[in-house]
Amino acid sequence: MRLFIWLAMTLMMAMPARAELVIEITRGIENPIKIAVVPFRVKSAGAFDVDLARLIETNLERSGQFRRVRRDTMLSLPGPDDQIFYRDWRAIDSEYTVVGSVERDDRGLLVRYGLHDVYGERLVFPIERLSESSDSLRDIGHYISDRIYEALTGVKGIFSTRLLYVSAERRSEKDQTFKLILSDADGGRPQTIFQSSEPILSPAWSPDGSRVAYMSFRGKRAGIYVQTLASGEVQKVAEFPGLNSAPSFSPDGRKLVMTLSRDGNAEVYVANLRTGELDRMTNHFSIDTEASWSPDGRSILFTSSRGGKPQLYMMNLADKTVKRVTFDGDYNSNGAFTPDGESIVFVHRTNERFHIARMNLKTREIRILTETDLDESPSVAPNGTMLIYATSDEEKGLLGLVSMDGRVRVRLPSVSESVREPAWSPFFN
Amino acid sequence: MSIFKQARAVGIAVILAVLAGCAGQVNESAQGPSKVETDAERAAREARQAEFLAKQEAAKAKQEAASAAASAAAKTAEDLRKGAMAADTLFFFEFDRSDLKQDALDDLDSHAKYLASDRSAKVRLEGHGDERGTRAYNLALGERRANSVARYLVIQGVNRSQIESMSYGEERPLSLSRDENGWSRNRRVELIYQ
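Those protein sequences? They're chains R and U, same order as listed.
Position 285 of the first sequence, counted from 1, bears residue number 285 in this note's numbering, the numbering being contiguous throughout.
Position 82 of the second sequence, counted from 1, bears residue number 82 in this note's numbering, the numbering being contiguous throughout.
In short, the hints are calculated from the structure, not lab data.
The structure presented is a predicted model; accordingly, all values stated were derived computationally and were not measured.
A couple of the hints might just be wrong.
[Said to hold, decoys possible] Distance condition first, Cα-Cα at most 25 angstroms in a straight line; then the derived SDA-like pairs of lysine to any residue:
{"no.": "1", "chain 1": "R", "residue 1": "K362", "chain 2": "R", "residue 2": "D330"}
{"no.": "2", "chain 1": "R", "residue 1": "K220", "chain 2": "U", "residue 2": "R160"}
{"no.": "3", "chain 1": "R", "residue 1": "K174", "chain 2": "U", "residue 2": "I192"}
{"no.": "4", "chain 1": "U", "residue 1": "K122", "chain 2": "U", "residue 2": "L174"}
With the sequences and hints as input, model every part of the structure.
Next up, the structure:
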């Protein structure tokens, strides 16, 4: 197989997409941590286009584990160097209080911030100082959110990660615009990185977050492409007759598992991205597709209709032996491993409705995580606490977040276009 | 009749005609005993002439028959084409199924007959699914549906090379209704003449 490379997308990279995601929390945990994020004191002339405190409190609240203390209830608005009267914060039921300042000088941005434990009456960590040469207040806000989240929960935050998703604007059956969009984890800064009048499907991140794979059509031909985010360079990985779909990177980033029907039927193949060498993994007259790797790289999970209905199967890559994984229900598909490799998440049909479910691979216990309908494309956050999935309301596709125990649910409705096929990035740091 | 035989028959006729002409002249100018055709010779000549004419008749009749058949065939091809153009081009499927429904077969037969009669005709089969179930799975299912139609056409005598098939999965629904009415219209193969 020959590999084709061309440069084309650099212009696209700069195009801002219109659909910003707005967050609605539909359900949270019973006792979230109450946190007050005091508006950051502006210490230089001019305004900033990002309200850091708002960004941080919204981030923390979206995890479901925090609840913000409203700004208008605060008795004072201290900066990082001011004395904190803990009693005042206890009075408004704040367990933790964040203070900070922001300024711009010749060298760039300077942000200082601190996190106070109201009941312990101390700083959780000493006041920190961040300087950035570029105008990237959102990056700073996400970084601070990660820092606070990790300090208070012991788990690495996912606020600096990013999302990929597909938006579709439909004028008629054959007149649609599909966009592959890259955004912050909160839906901010959406950018169109590829656009087509033909469908775009199955975006997937490389393990280092530098490249994305997806399926699209060029003309009437389906193909799998790998795009390098920084340069916009696009590599065509597969464009065989028939299906070229469902790409997923191996944990070492060197291989791509995908579905091809070049031998007459949908089968799972592994392509070596450097040599172009193809290894056929499945051989069955039924549908085999939607393969994804286990975190240890030793197995793949895939959907097969070999039992008559779509079910999940696991293949040991060393000897290509296959074991059926799901037995409950007549439709289980599009599976993915959690980062710890102990569970899988997948689309599960129950009572004629499609939900996202999680199965513990040891106990085989299945927990249904979502309660909307037509839920699909689960993609787990790199810290394993939540997943993002696609669902829909009466009119259009939406994205939702749900915690891995199903207790926290957040809807991310888009303002205009129908959105689907979300993919959560790995950690970048 | 082979061309060779025909040529020989014409040759013989020319020789006979020349001989006859010569004989006539001879008869007029110099009336000798040798110039007189015997009854046997005349009978043979006439027999040959009759055979020649019969063969010519047969050739003509055959040619006419062939051209009549050709025009009849042209009429049937046109009929087949019209039949195919009048036939349905949407074929529907059950949820998570790719086997053809009984009611699709008559229309598919019309397409197959035309495609088998005109090898230059080509079709594209686009497989589709409804929104239920996962997108990549539906892409594979759409391909299976297109392949079911393709297989049926091939069994009916269409060349595989006349058929191109592809799948759009659930990405191009005909109906946006979120009920069985809408879904059943979206689980389809579209047959498109190229």
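Original post:
Does L174 (chain U) lie within 25 angstroms of K122 (chain U) when you go C-alpha to C-alpha?
Top reply: Holds, at about 23 angstroms.
Original post:
Does the structure keep K174 (chain R) and I192 (chain U) at a Cα separation of 25 angstroms or less?
Top reply: holds, 14 angstroms
Original post:
Is K220 (chain R) close enough to R160 (chain U), meaning Cα to Cα at most 25 angstroms?
Top reply: holds, 18 angstroms
Original post:
Taking only the CA atoms, is the gap from K362 (chain R) to D330 (chain R) under or equal to 25 angstroms?
Top reply: Within the cut-off at roughly 21 angstroms; holds.
The structure agrees with every numbered hint stated previously.
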